[in-house]
Amino acid sequence: MLEARNVRKTYGGTVALDGASLALEPGSIHAVLGENGAGKSTLMRVLFGLVRPEGGELLLEGAAYRPGSPADALSAGLGMVHQHFTLVPTLTAAENLGLGQGKLWRWTSRRSTNAHLASLASGYGMAVPPDAPVGSLSVGEKQRIEILKALARGARYLILDEPTGVLSPLEVEELFATLRRLRDQGVAVAFISHKLWEVEAVADQVTVLRRGRTVLTGGLACYSRQDLVTSMVGSGPGETRRGAEGVTRPGAPLLLLESLSALGDGGRPGILEVSLQVARGEILGVAGVEGNGQRELAECLVGLRRASAGALRLDGLDLSHLSTGARRAAGLAYIPEDRHAEGLVLPLSVRENLLLSKWGGVRKGLGLLDVAASRREAVEAIARYGIRPADPEMPVSALSGGNQQKAVVAREMSAGPKAVLAANPTRGLDLGAAAFVHSVLRDHRAKGGACLLVSSELEELLEICDRIAVMRQGRVVSVVPPSAGRETLGQLMVGGVRCH
Amino acid sequence: MPLGAGPTDEQIAGADGPQGGTEPGFVASPNSAILSGAGSLALSVGGALAVGALLMVAVGSHPVTAYAALASGALGSSYALTETVVRATPLLFAGLAVLVSFRCGIWNIGAEGQMLMASLAVIWAGPALAGLPLWVGWAAALALGAAVGAGWSLLAGALRLYRGVPEVISTLMLNLIAYQLVSWAVNGPLIEAARSQPVSNPLPQALWLPSLGGTTRLHLGVGLPWILVGLVAFALARTAFGFRLRAVGAGERAARACGVPVGGVVLSTFALSGALAGLAPVTDLLGLYPHRLSEGLLSGVGYQGIPVALLGGLSPWGCAVSALFFGGLASGSDAMEQMAGVSSVSVKVLQAVLVFFLVARPGVGALRQLAKGRGGPSALVGEGDE
Amino acid sequence: MSAPEWSLLLAAALRVSAPLLLAALGETVSEAAGIINIGLEAYLLVSAFAAAVVTQFTQNAWLGLLAGVGCSLGLAALFGLLVVPLRCNQVVVGAAMNLLALGATGTLYRGIFGVTGKVLSVPLLPAVSLGPVERLPLLGGVLHGQNALPIGGLLIAPLLWALLYRTRAGLVLRSLGERPEAADTAGFSVGRWRFGAVLAGGALAGVGGAYLSIGDTGTFIEGMSSGRGFVALAIVIFGRWNPLGVLAASLFYGLMGALQFHVQALGAVLPWGGAIPHQFILMLPQVMTLVVLAGLAGRARQPQALGIPYDR
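Chains as they are written, first to last, in the working numbering: chain A, 7 to 506; chain B, -1 to 384; chain C, 218 to 529.
Any given hint could be a false lead.
Claimed, not checked - Ranges between beta-carbon positions, derived for each pair:
id, chain 1, residue 1, chain 2, residue 2, range
1, C, Val508, B, Tyr77, 46 to 56 Å
2, C, Trp279, B, Ala128, 34 to 44 Å
3, B, Ala123, A, Val145, 34 to 44 Å
4, B, Thr213, C, Trp279, 47 to 57 Å
5, C, Val508, B, Gly129, 31 to 41 Å
6, B, Ala145, C, Gly287, 19 to 29 Å
Keep in mind the hints are simulated off the structure, nothing from the lab.
From the three backbone atoms N, C-alpha and C, an ideal C-beta is built for every residue, glycine too.
For reference, chain A alone in the conformation it holds in the complex (with noise of 0.2 Å):
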C-alpha cells in the first residue's frame, strides 16, 4: 500500500496542497477527482518525486518513503504516466521500450526487441503495433506503450496523470479494459480525472481534492453521484453571488462565431461548429475542463489559427479572412492566455510592448517611429493602469507577474476595442491584480464593448460574465446564466452525462 498522509506543499504564497491524503491499495483502481487547481496532479507530483512536500508523510508498504527523484520512485516500483508522453517519435513502440532496459552495447535484432515488446503486452492484454514509428501512432497506442514502459521497469503503482484527456471515446473504452486487466494483475492504479462517468465507469476507490484538501475519500460505492459533485466544486454561498449585477442590458450582436470550425494540433479536431454571438455590453463567458477547445478557439479568432470553416463577424466585418494585425486594426483585443510567450516580448520595454500591436496610433510617414509620442502614451497607460515601477523605459521582463499582465491590459484596452477576447486573463495573479482586470472587463462592458472571457475558473466566469457558454471536445455543449450554478455548469464541464 502507498500512502500520502496530510501532505502540504507552497509555491511562493500559492498553497497547492494543503493537508492531502491518498491510499493506493494493490488490485484496485483509484480515482483521483478535483477542478482545475485542486492540486491532483501536485499531489501526483510528490508521489513521484518530481516534487518535494513541506509536511506530512508517505508510506510505502508500511515504512517511511522519500523520494528524492523519478529515480527513488521507479525503483521502490512506482510508474506513472505524464500528460506529456517521453516517448522518442522516431523510434519504434519496440525501440521506444528497448531504451528503459537491456545490455548497452549488445547486438540486438529486431526479432528479439519486437518479442519482448508483443510478450510483455500479451501478458497484460494489450495490443500495440511494434514496427511503426511511434511518432505515427494514435494517441491511444502512445498511452499504451508508455503504460508498458512503466510496466516494464516492475511498477507495482501506477499513476496517470489525466489520461483520458487526450483520447477519443474509443480509446477510452481499450484504456479502461486495459486498467482493469492491470488491476486483477495486482497492480495499484491512481488516475486523474475531471470526469464523473469515468470514475463510475472504472473506478474502485475515489479521492476528491479541493483547494489542496482531501475532502472526501473511500470506496466508490459509499458515495452518490451528488456527493462527489458536491465535494468537488463545494456549494453554498458562492452559488448564490450573481456576477452579472443585471444592471447592463446587452445590445446588438457585436461578435459573431458562425459554425466555426478549426483543427487542433497534430490533426485532432480542435474545435467543432461553434456558433455563439456576443452582444455589446456584454460579457460572454466561456467555460470547460483544459483542453477541450477553448485554446484552439481564442488562436482561431485572433488569426493565429486558420478556421477550416465557419465564419467570424465583428460589427459587421467579416475577419475570417483577414491577417492577425488587420483583425486587431478592425477593432478586436486580445489577452493570451501565456503572457509570456503571446503577451509580451520579455526583453523589450514596457514602451515598446504598449506599442507592439498600435501600427495606427503612433506611425508617422515614412514608417518611423514617433518615440516622444509613444514615450507620452506610455507614461500615460502606466499612470492609468498602474504599472509598477514607473518606468516605461524598464524591460518588462523585470516587472511582476501582476505588472506583466497590465501592461498586457494596457496595451490591449488602449486601442479602443470593440470587441475583447480574454484568455485565463488573470492566472497566476495574486487577488488584488486580478480583480482589476475585472474592473476593466466589466469597464469595457459598460462602454457598450463586447467581450469574451475563457476561463478555467469557475468562480471568475460566474463573478462576472453575462451568460456562460460550456464547451466539451470542441463543441459549445450549452450556454447559461450563471444563475444555473456551480453545480449546473461542472455537470455540463465534466459530462455528467455521457455523451459521445
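Given the coordinates of chain A, work out where chains B and C should sit on it, guided by the hints.
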C-alpha cells in the same frame, strides 16, 4: 498545466534559452548571445590575447615583441591608422549583416556567399557600368552588389519560410555554391585577358573610387559603412521595421499574436542582411587595387562578421568599434609577421578565442546558478511534439 | 570506358570520399545525439596538420595518425565543453572553431617551416595488402594500393549503423537527438552522452583529416581541408543521418570529385558539344542537399532536438 508549474519570475529572469515555437530547427534565439558588461568584455579580450601569447611562444616568438609590433602596425603611424580603417571597412559591413539577422533571430551565416555573388555580379557588369556618369556608375555598382547579395540571401529566407529549411544549413550550402560559381567564372568566362592567372580583368578604371590621400589605400568608399552604421542604428531604434525586427527576434510568438507580419519581417531581414553583406566586396573592388575578382578575394571576411557582431554586443555602434578593433588586428598582424615572425593568420585564433569567451559567459553564470542548487527538477517540458 | 579505367576512376573516387566519409560519419554520431558542429572543417585541418608535423619529425605515419586524432579529440573536447555543459550556441561556436583551426595551423605551420614555400613531404601510411580480395574483378582494382583509412571507413559505416540501429546505446544516442527527456527519464545523463558523442565525432573526423596529409597527398598545405567539412555536413543530410546513407552519399560525392579530375584531364564534353565546367560537378551535392532539405525530392527530417541545449 498543473498548479504551481507556471513560470516563476525567477525562471523568466533567466528566460534566455530556447524559445520553442514554430521556428524551424536551431531554436535558441541569437539574443541569448547579446552581451553586456564592460568588465567581462575586457576579461574576454584579455583572455583572447593571453591565448594568442601562448601561440606566439609556441612558434618561438616573444609575445611582448609580437604584440608591440602588432600595436605599432595598427596604430603606430598615420599610415597604420589609415590601413586599420581600410581593413575595418569590409569587416564592418559583414558585422552589420550578421547583426541585423541575429537581432531578428535568424542564423544567417551566409555573408561569405552573398559577398561572393555580389562581387561576381559587379565584375561581370563592370564594363557596362563604366559608360555611366561617375556617381551614377558607383551607385549602380553598389546597388547591383546589394541587390545580388539580397537575392542570394533571400533564397535561404524563402527556403526557411516556405520549406522549413534551417538557414544555418542553407546559407552554408549557398556559400559553397557561390564559391564554385566564382571559381568557374574566374577560370572561365571572366578570366583576365592575359589568361595567365585565375583572376578577372580589373574593373574599368572609370569606376575606381578616388583615393583620399597619397600613399595610403584610403578611398572614398571607406566612409560608406560608417554612414550605414548610423542608418542601421536609426532603423533599429526609430523605424517601424526595425522595431518589428527586434520584436520578432526577441519574442516571435508574442509579435505574431500582436499582429506583426512575422513572415514578411523575416524575409525583409534576410534581404537587408544580404544587401549589407553584398556592399562589402563591391566597395573594396571599386576602391582597392587590384580591382579584380579572384577565388581568394574574401578569405573568410563573411565568417568574421560573427566575431565582429558579437564583440560589438549586437549593437551597430558597438559593431563599429569592434570592426575597428579587428581591422587594427588585421593591419597590425602584417607588421607582426614582418617584425616578430608571427604569421598574420594568428589573428584568426584571437578572433575565435574571443568568441568562445564572449558566448561562454552566460553559460558560466548559469552553471554557477546550477551549482548553487537553484535549477532543481522543473516541469517536464514537452510542447506537443508527440 | 574499359574495366581498368573504371577501376582507376573508382579507386580515385574512394580516395576523394575517404576524408568526407570519415568526417561525415563522425558528424552523424554527433548529430544523432543532437549536437551540430559546423566547425567540422576545424577537425580536418587540425588533424591533417598534426599528422603531417608528427610524421615529419618521427618519420612514422602511424604516430602521425595518432597525433592527428589526438589533436582533433582535444578540439572536440573544447567544442563539447562549450556547447554541452556551458550550453553555448552551437552555430556560433562551430563557426569560431573554423577560424581557430585556420589561424592555429597557419601560424604554427609558418612558425615551424617558415614561409619559404618549401613543400613539405612526409611519408604516407602504407598500403594494405588484402590478399585474395585484390584478385576480385572490379573491387580488387579499386582497393589495390589503398591504405587502412579508406578501407577502415568502408568498414566503420556498417558498424556504426549497427551501433545506432541495433544496440541499446544507439537507442540512447538517437533519443538524445529527438527527445532528450526520454533518455533522461530512462536514467541516462544527457550531458555525458552528448559529450561522448561529440568526442566520437571528433575522433572520426580526426582520422579523416589525417588521411588528407599522411594518407593521400604526403604533404600539408595551409587550409588544405578547403571546405570538405562543409561538404561532409551536406553529406550527413544527404545521407539522412543514417551511416549507410552517409556511406552512399560520400561515395557518390567521391565519384563526382573523381569525375571532375576526369573531366579536367580528358576535357569530357556534353552530348551537345559543350564542356562541363568541373565546378558545376563539385557544387552538385550542395544543390542536391538544398533540394532534399526543401522536400522537393523526398523528405529529409533532421533530429528534432538538433542544436538545442538540454535543460530539464
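Structure-based check of each hint:
1. C:Val508 - B:Tyr77: 46 to 56 Å: holds (50 Å)
2. C:Trp279 - B:Ala128: 34 to 44 Å: violated (59 Å)
3. B:Ala123 - A:Val145: 34 to 44 Å: violated (58 Å)
4. B:Thr213 - C:Trp279: 47 to 57 Å: holds (54 Å)
5. C:Val508 - B:Gly129: 31 to 41 Å: Once the Cβ atoms are compared, 40 Å apart, the range 31 to 41 Å for Gly129 of chain B and Val508 of chain C holds.
6. B:Ala145 - C:Gly287: 19 to 29 Å: violated (48 Å)
In the structure shown, a violation is registered for the earlier hints numbered 2, 3, 6, in ascending order.
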